[in-house]
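Residue numbers (this note's numbering), protein chains in the order written: chain A, -3 to 290; chain B, 4 to 413; chain C, 2 to 296.
Warning: the hint list may mix true and false statements.
[What the hints assert, rightly or not] One side only, chain B facing chain A, incomplete, derived with CB under 10 Å:
#1 S40
#2 A45
#3 R57
#4 V60
#5 S64
#6 H144
#7 M258
#8 G281
#9 E283
#10 G397
#11 S398
[Claimed, not checked] Computed cross-link-like contacts, DSSO-like style, restricted to lysine-lysine with a CA-CA straight-line distance of at most 30 Å:
#12 C:K64 / B:K221
#13 C:K189 / B:K238
#14 B:K214 / C:K189
#15 B:K177 / B:K282
#16 B:K263 / B:K238
#17 B:K166 / B:K153
#18 C:K58 / B:K219
#19 B:K282 / B:K310
#20 B:K286 / B:K353
#21 B:K166 / B:K214
#22 B:K153 / B:K124
#23 C:K189 / B:K221
#24 B:K339 / B:K321
#25 B:K214 / C:K58
#26 B:K219 / C:K64
#27 B:K339 / B:K29
#28 B:K230 / C:K189
#29 B:K231 / C:K189
#30 A:K183 / C:K189
#31 C:K58 / B:K230
#32 B:K282 / B:K219
[Said to hold, decoys possible] Distance ranges between label pairs, derived from CB positions:
#33 C:G29 / B:N407: 32 to 42 Å
#34 A:G16 / B:E157: 54 to 64 Å
#35 A:A185 / C:L73: 41 to 51 Å
#36 C:V57 / A:F99: 39 to 49 Å
#37 A:S68 / C:L73: 44 to 54 Å
#38 C:Y50 / B:N102: 33 to 43 Å
#39 C:V57 / B:F409: 42 to 52 Å
#40 B:N102 / A:S68: 39 to 49 Å
Calculated from the structure, these hints are not laboratory results.
Think of the CB as a built atom: it goes at the ideal place given N, C-alpha and C, for glycine as much as any other residue.
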Amino acid sequence: MARTHPNGPRPTHMTAGRIGLYAFLVIAALFFLLPLYAMIVTSLKTMDEIRLGRIFALPETLDISAWITAWSGACMGTVCVGIRTGFWNSFAITVPSVALSVFIGAVNGYALSLWRPRGASVLFGLLMAGGLIPYQIFLYPMVRAMANIDLYNSLAGIILVHVIFGLPLVTLLFRNYFVSVPEELCKAARVDGAGFWRIFFEIMLPMAVPMIVVVSMLQFTGIWNDFLLGLVFAGRDNLPMTVQLNNIVNTTMGERTYNVNMAATILTAIVPLAIYFLSGRWFVRGIAAGAVKG
Amino acid sequence: MNKKMKLFLAGVALVATLAPVHAEDKPTIEIMSSWTSGGESAALNVIKTEFEKRGGVWKDSSIAGFGAADAAFQNRIVAGDAPGAKQGVIGLAAADFVNQSLMNPIADVAAAGKWADALPKSIYDLISYNGEVYLAPTGAHGESWVFYSKQAFEKAGIAEEPKSWDEFFAGLDKLKAAGIVPVAWGGQPWQQTKVFNMILLSRVGIDGFLKIYVDKDKSEASVEGVKKTLEILGKLRGYVDDGAAGRNWNDATAMVITGKAGVQFMGDWAKGEFTVAGKEAGKDYGCMITPESPGMVYIADSIWFPKTANAETDNAQKLLAEVVMDPAVQLEFSLKKGSVPMRSDVDKSKLDVCARKGLELMTAGNIVPDQAIVLTPQQVGLLDDFVDEYWSSGSQDAVSGAENFFSIFE
Amino acid sequence: MHTTRKRNFSATFALLPTWFAAIVVYIGTMVWSIRLSFTDSTLFPSSNYVGFAQYVKLFSSAKWLASLHNVLIFGVLYVGGCLVLGFLLAAALDRKIRFENAFRTIFLYPYAMSFVVTGLIWQWMLNPTLGIQASVRSLGWETFVLDWVVNRNMAIYALVLAGIWQGAGLVMVIALAGMRGIEAEQWKAARIDGIPVWRIYVSIILPQLGPALAAAGMLLAMGVIKTYDIVVAMTNGGPGNSTEVPAKFIMDNLFGRQNLGLATAGATVLVLSVIIAVAPFRYAMYMRNRPKGAA
Chain A
-3 MARTHPNGPR PTHMTAGRIG LYAFLVIAAL FFLLPLYAMI VTSLKTMDEI
47 RLGRIFALPE TLDISAWITA WSGACMGTVC VGIRTGFWNS FAITVPSVAL
97 SVFIGAVNGY ALSLWRPRGA SVLFGLLMAG GLIPYQIFLY PMVRAMANID
147 LYNSLAGIIL VHVIFGLPLV TLLFRNYFVS VPEELCKAAR VDGAGFWRIF
197 FEIMLPMAVP MIVVVSMLQF TGIWNDFLLG LVFAGRDNLP MTVQLNNIVN
247 TTMGERTYNV NMAATILTAI VPLAIYFLSG RWFVRGIAAG AVKG
Chain B
4 MNKKMKLFLA GVALVATLAP VHAEDKPTIE IMSSWTSGGE SAALNVIKTE
54 FEKRGGVWKD SSIAGFGAAD AAFQNRIVAG DAPGAKQGVI GLAAADFVNQ
104 SLMNPIADVA AAGKWADALP KSIYDLISYN GEVYLAPTGA HGESWVFYSK
154 QAFEKAGIAE EPKSWDEFFA GLDKLKAAGI VPVAWGGQPW QQTKVFNMIL
204 LSRVGIDGFL KIYVDKDKSE ASVEGVKKTL EILGKLRGYV DDGAAGRNWN
254 DATAMVITGK AGVQFMGDWA KGEFTVAGKE AGKDYGCMIT PESPGMVYIA
304 DSIWFPKTAN AETDNAQKLL AEVVMDPAVQ LEFSLKKGSV PMRSDVDKSK
354 LDVCARKGLE LMTAGNIVPD QAIVLTPQQV GLLDDFVDEY WSSGSQDAVS
404 GAENFFSIFE
Chain C
2 MHTTRKRNFS ATFALLPTWF AAIVVYIGTM VWSIRLSFTD STLFPSSNYV
52 GFAQYVKLFS SAKWLASLHN VLIFGVLYVG GCLVLGFLLA AALDRKIRFE
102 NAFRTIFLYP YAMSFVVTGL IWQWMLNPTL GIQASVRSLG WETFVLDWVV
152 NRNMAIYALV LAGIWQGAGL VMVIALAGMR GIEAEQWKAA RIDGIPVWRI
202 YVSIILPQLG PALAAAGMLL AMGVIKTYDI VVAMTNGGPG NSTEVPAKFI
252 MDNLFGRQNL GLATAGATVL VLSVIIAVAP FRYAMYMRNR PKGAA
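Throw the hints in and build the complete structure from the sequences for me.
Okay, structure coming up:
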């Protein structure tokens, strides 16, 4: 509780305004939690109970077999090992992709907003336009290109693809964050003789911690949840968890086991969820403010 | 083929030859299928087990969902890294791949196994392109089925299966009066198109159906048939519940299983849901062919064999083709998947009552192909659009609807 | 002068990988797909040029026209809804709230969930015979209606609702990160002047968050253009064409319908219209920011 240092007055007692504030938050929380509630109760029901179609009803008996099946027993094709097989692949793809793209994005945002070399706005415009292309269109040419440089169906290949497709998003966020940094800060440092990289590493990066957290969270989620790129570029040995999730959930003519589907979905989301929860301490106000004053 | 295309394909072939060749003693094959649900997976396992028994090595690359599987497969081809086998429907969807020499024929296996004698002629023709056999059929699904809840029929006082559309609608009225949802409707385009086809077959007969879809015939009789079909389809709107739009077929099946709804129009894969719920065909639920229908619409799955520029894989492909068409495998596969075997010489006694009905129609040749077999993927999409638009707009104008129908062939 | 050039050299050098990606991948793909949109390519690229035939076909397709219309409605309501709700949530969390971490996670978690399945849950919840409507009616309110998913006129709002559910948390964290960067002195000054808290948020904080919120809006807009999963999972474009969207149209034609020419024509139209719509706005921003950036 005391980890955060919010601005404004410290409330000494519950005023009408505070009550209204909490009421708003609680109602909003209910809206956000309702689907999760439905998912969790569905995952704990048997299929016979699910067929009755009462989606908000509590399960008559708790049945966790769907969770076990989802994790270690669900079939995809002739292999029945659940979604756990993709777990480490997802990590191997996501962690380097996030680290690389966040670093490049921070450098880009910093260079584009505070240095503005020749062509900066052209590049930024290009990235934004690129970010608006439905990425399915990229598949054919990218597949050919990756095959030509021998990176198709490889871990390095899928990481490269994620970094490239992440560029518009990360660049945009960092650029708009650094734009609001006081110009004087950069100027003063330059007068002191600091160069491009020194200002970046010693002043800008520490200052941008909340934004780095946000961008990493977004990139992590986006890449972790990506299905199509992983399916097309990663190759059989590196398929991410979402491909297994799709194999469990998606079917046209096969029977559906909704309880397993729900469990598998929640299991797939657990890592990003944990990151959201644990990132709390990085939202502490003061890190940024300190850097600005320094 | 134009020059650019040749260049493109040459590039594909070049990349393929550069791909590392795995030196393995046993015939190894990577198979891409979209069979991932319980019954499908078990059925695929039948083929795998036999393939391994005969010395093959099986690598599974299953991707669920037609869209995702197609995307993955097509991109593998573009990258020059085609898998050794791919599961797909027989018919025009494979034609483009064959015509661009991206697939291996399996004519010698077919000749040695006397496939021409074992398969219905229409199927044999559909797996052959330019006179050579390219696909190994796994099984067929009947798509002219009406599944009904015996419990609901009893409650509504329907004594026997309705034979005509008039009787059918009278039955639906009784179900409605008994407070039961008459039709468990899955309001997704592909499901609706299947219902459209079932009705169409009952209105125009087998020859009329083939005339429309194969010859793209727009004669008065064809237009009239489509019109009558749309009238029945339109009438069905009055018998579905509020929640029909966008519903998955298995949610609709669940309504029949629990007795909330009376009937469902669906392919025979719906039996899988009944079986999982512990219901038995002929006892808890019934299966009848669409009223007044002279036969059955079917869709057939097969294994495709893409070119891989790897002699080892070519051998594995031949072995796989043999295994797929093995009589015992055909039967066991269909039992697991709820489909109908392709070969007419299998032991019928093990099949359930619905599958037996289906196999009878099949061996008698009273079958017509699903649109996915005879239309290009593009036309299939337009047909889905057409039926969905008619259904969900609530249009009563079957006359101009029937006119519009034929624009999908343009 | 000499040092300026040297510094700018570092900046240019740092941007080189991005330049490379932008030119090779983004421009390359765009050129590739514009070229294909003038051919009759079906399953694989062909170079049989057919002029504007694909574009004629595109604009005579009711599905494509409906998808453009839908994505516009969806885009405006979704982006607007996420920005408003996200900012409100961030402001509320910034008020020294107990359990801030838990609330923040609750508001953000939908962003971590794959829409393949959460779309299904929303479909169930908004389905009149299964979800909220049925539950409320069983509690005694017999005339209650919430049938968005199956109602042709309301299905698009069902997508908006589910979209906001997923995206509002994103705006919230971006806004919160921005608020946490605002200096304590500004707060003290404002409080001393006796400005009420809500006025501080509207008049002082909101303008400072401008760039961050603009980035969030742009991010959501990029998502709008690519809207695909949510539609497939919830409505699959139906009932009728009422929730058809361009990315789905393109994806369907790219693979399922084996119509590469039409798909690339659709993508070209989509990107060009977005650039035309956004360019004047970007230009204005550029002109406004220019004096500041004269380094």
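A quick look at each hint next to the structure:
1. For S40 of chain B, the interface hint holds, the least distance from its beta-carbon to any beta-carbon of chain A being 2 Å, beneath 10 Å.
2. For A45 of chain B, the interface hint holds, since its Cβ comes within 10 Å of a Cβ in chain A; the closest pair sits about 8 Å apart.
3. The beta carbon of R57 of chain B is not positioned within 10 Å of any beta carbon in chain A (closest approach about 16 Å), and the interface hint is therefore violated.
4. With a cut of 10 Å, the hint placing V60 of chain B at the interface with chain A is violated, because the nearest CB-to-CB distance is about 13 Å.
5. Residue-level restraint check for S64 of chain B holds (minimum Cβ-Cβ distance to chain A is 6 Å; threshold 10 Å).
6. For H144 of chain B, the interface hint holds, the least distance from its beta-carbon to any beta-carbon of chain A being 7 Å, beneath 10 Å.
7. For M258 of chain B, the interface hint holds, since its Cβ comes within 10 Å of a Cβ in chain A; the closest pair sits about 8 Å apart.
8. At a threshold of 10 Å, the smallest CB-CB gap from G281 of chain B to chain A is about 8 Å, leaving the interface hint in force.
9. Violation of the interface hint for E283 of chain B is found here, the shortest Cβ-Cβ separation to chain A being roughly 15 Å, above the 10 Å cut-off.
10. Contact between G397 of chain B and chain A, as hinted, is not supported at the beta carbon level, the nearest pair being about 25 Å apart and thus beyond 10 Å.
11. Against a cut-off of 10 Å between C-beta atoms, the interface hint on S398 of chain B is violated, since the closest Cβ of chain A lies about 27 Å away.
12. Annotation: proposed proximity of K64 of chain C to K221 of chain B holds, straight-line Cα distance about 24 Å (limit 30 Å).
13. For a cut-off of 30 Å, the pair hint linking K189 of chain C to K238 of chain B is broken: about 71 Å separates their Cα positions.
14. Distance restraint check for K214 of chain B and K189 of chain C: the Cα-Cα separation of roughly 82 Å exceeds the 30 Å cut-off, and the hinted pair is therefore not satisfied.
15. For the given pair, K177 of chain B sits about 24 Å from K282 of chain B by alpha-carbon distance, which is consistent with the 30 Å threshold.
16. Taking the CA atoms of K263 of chain B and K238 of chain B, the gap is about 21 Å. The hint holds against a cut of 30 Å.
17. Only pairs whose Cα atoms come within 30 Å are accepted, and K166 of chain B paired with K153 of chain B is accepted, the gap being roughly 16 Å.
18. Proximity of K58 of chain C to K219 of chain B is assessed by CA-CA distance (about 21 Å); at most 30 Å being required, the pair is judged to hold.
19. Among the hinted pairs, K282 of chain B with K310 of chain B is inconsistent with the structure: their alpha-carbon atoms are about 44 Å apart, more than 30 Å.
20. About 17 Å separates the Cα atoms of K286 of chain B and K353 of chain B, which keeps this hinted pair within 30 Å; it holds.
21. Taking the CA atoms of K166 of chain B and K214 of chain B, the gap is near 25 Å; set against the 30 Å cutoff, the hint holds.
22. For the given pair, K153 of chain B sits about 37 Å from K124 of chain B by alpha-carbon distance, which is inconsistent with the 30 Å threshold.
23. A C-alpha spacing of about 80 Å is found between K189 of chain C and K221 of chain B, which places the hinted pair above 30 Å, so the restraint is violated.
24. Of the pairs offered as hints, the one joining K339 of chain B and K321 of chain B holds, with about 24 Å between alpha carbons and a cut-off of 30 Å not exceeded.
25. Between K214 of chain B and K58 of chain C the alpha-carbon distance is near 27 Å, which keeps this suggested pair within the 30 Å criterion.
26. Distance restraint check for K219 of chain B and K64 of chain C: the Cα-Cα separation of roughly 23 Å lies within the 30 Å cut-off, and the hinted pair is therefore satisfied.
27. Annotation: proposed proximity of K339 of chain B to K29 of chain B holds, straight-line Cα distance about 28 Å (limit 30 Å).
28. A hinted pair counts as satisfied when its Cα atoms are at most 30 Å apart, and K230 of chain B with K189 of chain C does not qualify at roughly 76 Å.
29. In summary, the hint linking K231 of chain B to K189 of chain C is not supported, as the alpha carbons are separated by about 78 Å, beyond the 30 Å threshold.
30. Annotation: proposed proximity of K183 of chain A to K189 of chain C holds, straight-line Cα distance about 27 Å (limit 30 Å).
31. Between the alpha carbons of K58 of chain C and K230 of chain B the distance comes to roughly 26 Å, so the proposed pair stays at or under 30 Å and holds.
32. A threshold of 30 Å between alpha carbons decides the hint, and for K282 of chain B with K219 of chain B the separation of about 41 Å lies outside it, so the pair is violated.
33. A hinted range of 32 to 42 Å for the beta carbons of G29 of chain C and N407 of chain B is consistent with their spacing of about 40 Å.
34. Restraint check, G16 of chain A to E157 of chain B: a C-beta distance of roughly 57 Å satisfies the suggested window 54 to 64 Å.
35. Between A185 of chain A and L73 of chain C the Cβ separation comes to about 45 Å, which falls inside the hinted range of 41 to 51 Å.
36. At about 46 Å, the CB distance of V57 of chain C to F99 of chain A agrees with the hint of 39 to 49 Å.
37. The hint said 44 to 54 Å for the Cβ distance between S68 of chain A and L73 of chain C, and at roughly 45 Å that hint holds.
38. As the Cβ distance of Y50 of chain C to N102 of chain B is approximately 20 Å, the hint placing it in 33 to 43 Å is violated.
39. The hint said 42 to 52 Å for the Cβ distance between V57 of chain C and F409 of chain B, and at roughly 20 Å that hint is violated.
40. For N102 of chain B and S68 of chain A, the Cβ-Cβ distance of about 44 Å falls inside the hinted range of 39 to 49 Å, so the restraint holds.
Hints 3, 4, 9, 10, 11, 13, 14, 19, 22, 23, 28, 29, 32, 38, 39, counting from the list given before, are not met by this structure.
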